[in-house]
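Colleague: Spelled out, the chains give:
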Amino acid sequence: MSAIAVEPSNRGIAGALPRAAARALLLVVGLAVLWGVWEGYRWLGIREHWTWPFKVNDTNMPHISKIWHAFGQPLQPDGPPLRHYLWHYAIFTGKEALAGFVLGAAIGFFLAVALSQSNMLRRGFLPYIVVSQTVPILAIAPMVVVGLGTKGVSPWVSVAVIAAYLTFFPVAINTLRGLLSPDPEALELMRSYAAGRWKILWRLRVPASLPYVFSALKISATASVIGAIIGETPASLQGGLGYAIVNFNQYYSIQPANLWATIIVCALLGIVFFLAVVALEHIVLKRAPENVA
Amino acid sequence: MPKPTAIAQAFWDQKSALWSQGIYTFKEALGGYALGCSLGIFVALLFAAWRPLSSAFMPYAVAANAIPIIAFAPIMNNWFGLLNPFSKMAIAAVLCFFPVMINTLRGLTSVHPSSIELMQSYAAGRVSLFRRVRIPNALPHMFTGLKVATVLSMIGAIVGEYFGGPTEALGVKILNDSSYGNFTDAWAGIVMASLLGIVFYAVVALAERLTTSWHPSARAFHTE
Numbered sequence: 001m002s003a004i005a006v007e008p009s010n011r012g013i014a015g016a017l018p019r020a021a022a023r024a025l026l027l028v029v030g031l032a033v034l035w036g037v038w039e040g041y042r043w044l045g046i047r048e049h050w051t052w053p054f055k056v057n058d059t060n061m062p063h064i065s066k067i068w069h070a071f072g073q074p075l076q077p078d079g080p081p082l083r084h085y086l087w088h089y090a091i092f093t094g095k096e097a098l099a100g101f102v103l104g105a106a107i108g109f110f111l112a113v114a115l116s117q118s119n120m121l122r123r124g125f126l127p128y129i130v131v132s133q134t135v136p137i138l139a140i141a142p143m144v145v146v147g148l149g150t151k152g153v154s155p156w157v158s159v160a161v162i163a164a165y166l167t168f169f170p171v172a173i174n175t176l177r178g179l180l181s182p183d184p185e186a187l188e189l190m191r192s193y194a195a196g197r198w199k200i201l202w203r204l205r206v207p208a209s210l211p212y213v214f215s216a217l218k219i220s221a222t223a224s225v226i227g228a229i230i231g232e233t234p235a236s237l238q239g240g241l242g243y244a245i246v247n248f249n250q251y252y253s254i255q256p257a258n259l260w261a262t263i264i265v266c267a268l269l270g271i272v273f274f275l276a277v278v279a280l281e282h283i284v285l286k287r288a289p290e291n292v293a
Numbered sequence: 001m002p003k004p005t006a007i008a009q010a011f012w013d014q015k016s017a018l019w020s021q022g023i024y025t026f027k028e029a030l031g032g033y034a035l036g037c038s039l040g041i042f043v044a045l046l047f048a049a050w051r052p053l054s055s056a057f058m059p060y061a062v063a064a065n066a067i068p069i070i071a072f073a074p075i076m077n078n079w080f081g082l083l084n085p086f087s088k089m090a091i092a093a094v095l096c097f098f099p100v101m102i103n104t105l106r107g108l109t110s111v112h113p114s115s116i117e118l119m120q121s122y123a124a125g126r127v128s129l130f131r132r133v134r135i136p137n138a139l140p141h142m143f144t145g146l147k148v149a150t151v152l153s154m155i156g157a158i159v160g161e162y163f164g165g166p167t168e169a170l171g172v173k174i175l176n177d178s179s180y181g182n183f184t185d186a187w188a189g190i191v192m193a194s195l196l197g198i199v200f201y202a203v204v205a206l207a208e209r210l211t212t213s214w215h216p217s218a219r220a221f222h223t224e
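So the protein sequences, as listed, match chains A and B. Note that this note's numbering gives residue 179 to position 179 of the first sequence, counting from 1, and the numbers run on in steps of one. Note that this note's numbering gives residue 67 to position 67 of the second sequence, counting from 1, and the numbers run on in steps of one.
Please keep in mind that the hints were generated in silico from the structure rather than gathered at the bench.
Heads up, simulated DSS-like pairs for lysine-lysine below, C-alpha to C-alpha not over 30 Å straight-line:
id, chain 1, residue 1, chain 2, residue 2
1, B, K27, A, K55
2, A, K151, B, K15
3, A, K66, A, K55
4, A, K286, A, K95
5, A, K151, B, K3
6, B, K15, B, K27
7, A, K286, A, K199
8, B, K15, B, K3
Work out the full structure, taking the sequences as your base and the hints as a guide.
Modeller: The following block contains the structure:
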């Protein structure tokens with residue numbers, strides 16, 4: 001039994017470097033395959049004049065090298081290169097997403113704590129929380145920005161609110177599940193020590209909920225980036241990735257590589273958010289029983 | 001934010017136009033849903049049957065899941081044409097694919113080892129192991145993905161239309177109304193979108209109730 005339990009941590013020390021190398025190799029191989037499939041499909045499609053499911057040509061499938069090249073090209077003559085703009089757009093959108101993420105996660109967490117304390121509260125509120133998510137919120141995003149804008153709220157804040165709305169739900173639901181997850185025996189043990197509501201919450205329920213919270217935060221990390229990008233699409237808000245998508249989309253037929261480059265930056269921003277949560281999870285849950293053993 | 005009564009009034013006044021726009025968008029969502037979900041289930045079965053494939057591809061699936069896929073909506077519009085409903089179906093399908101694939105795969109692979117041993121002691125082959133153990137076990141997980149996908153497919157269709165589409169589409173109507181300041185009409189459109197989304201979700205939830213009521217997890221849910 002102990003041999004089984006010790007094995008992972010042994011591998012963790014001795015095998016960390018080879019595993020990281022294997023992962024890096026896998027990434028490189030994956031990107032190479034993606035590049036090959038893209039260029040291969042493009043070459044075949046142009047040669048055979050494929051029009052289904054879409055017409056293969058330079059506009060619809062630019063060379064990967066051209067997209068890469070586009071990062072260094074200036075937008076206006078003698079202006080800074082595209083990557084300069086995209087960097088600033090990504091920071092702008094990332095800040096909105098981060099603000100929304102933190103706000104939404106905090107609201108979701110405290111809502112779950114409140115709901116975990118009362119059966120009646122849970123019965124009364126949970127259905128509404130679930131229904132709130134069947135509203136296609138992303139579809140409302142541009143309206144919320146425009147609508148709040150007429151009230152004098154800065155668009156930056158409205159976009160963060162959308163990101164927060166998308167974040168709070170998975171966090172609330174998963175945290176609640178985690179807070180209610182401790183075994184009845186554990187609760188009985190705490191009660192036999194005359195632990196009060198707060199002690200049980202702090203010492204038992206919150207630690208038990210953390211793995212659940214993090215699995216929700218991983219979903220929400222991407223959701224907050226999506227909320228920020230889509231929230232920016234109404235033209236009133238310049239300076240973010242959503243604005244860049246709308247803008248470059250209009251010039252797609254002449255400069256398709258610019259839109260592709262923007263979307264790649266969006267993808268990277270999503271992945272960075274996700275990896276940040278994964279890193280935080282590693283730090284916080286390092287001492288969880290399943291990881292110490 | 002317009003008054004709810006005003007939105008209800010606008011909804012009632014334009015109900016036939018809203019209905020036809022809603023159905024147009026719903027068809028796009030449904031087409032993408034069918035395409036994305038069936039592809040997701042198929043890939044999950046493939047990965048569960050052949051594990052090396054799964055361990056090679058899952059890191060990419062996780063990475064793809066962290067990408068804001070909706071950002072590809074304008075690309076789909078350019079590829080398949082703004083007015084072609086398939087451009088919205090494509091983005092809805094990609095959005096539906098990942099949650100369905102990942103959840104179904106989790107269900108197919110999270111089978112209790114003793115169930116597999118029991119089946120093997122009966123000399124059951126791979127096919128009957130799938131048919132009698134893995135697939136029944138996967139159903140509740142799969143439906144979790146299928147329910148999430150209903151909302152995603154509606155979002156994919158509508159947001160796809162925000163980046164351009166025919167005037168008979170609900171997303172285009174909502175965007176046009178809000179850019180002209182007709183917030184009441186835009187909200188009426190959103191009410192329509194929400195109603196369709198809720199009905200879609202409810203139908204899938206009903207299908208879940210009908211096909212998985214025997215499963216222990218369904219019991220646990222009711223006693224909780």
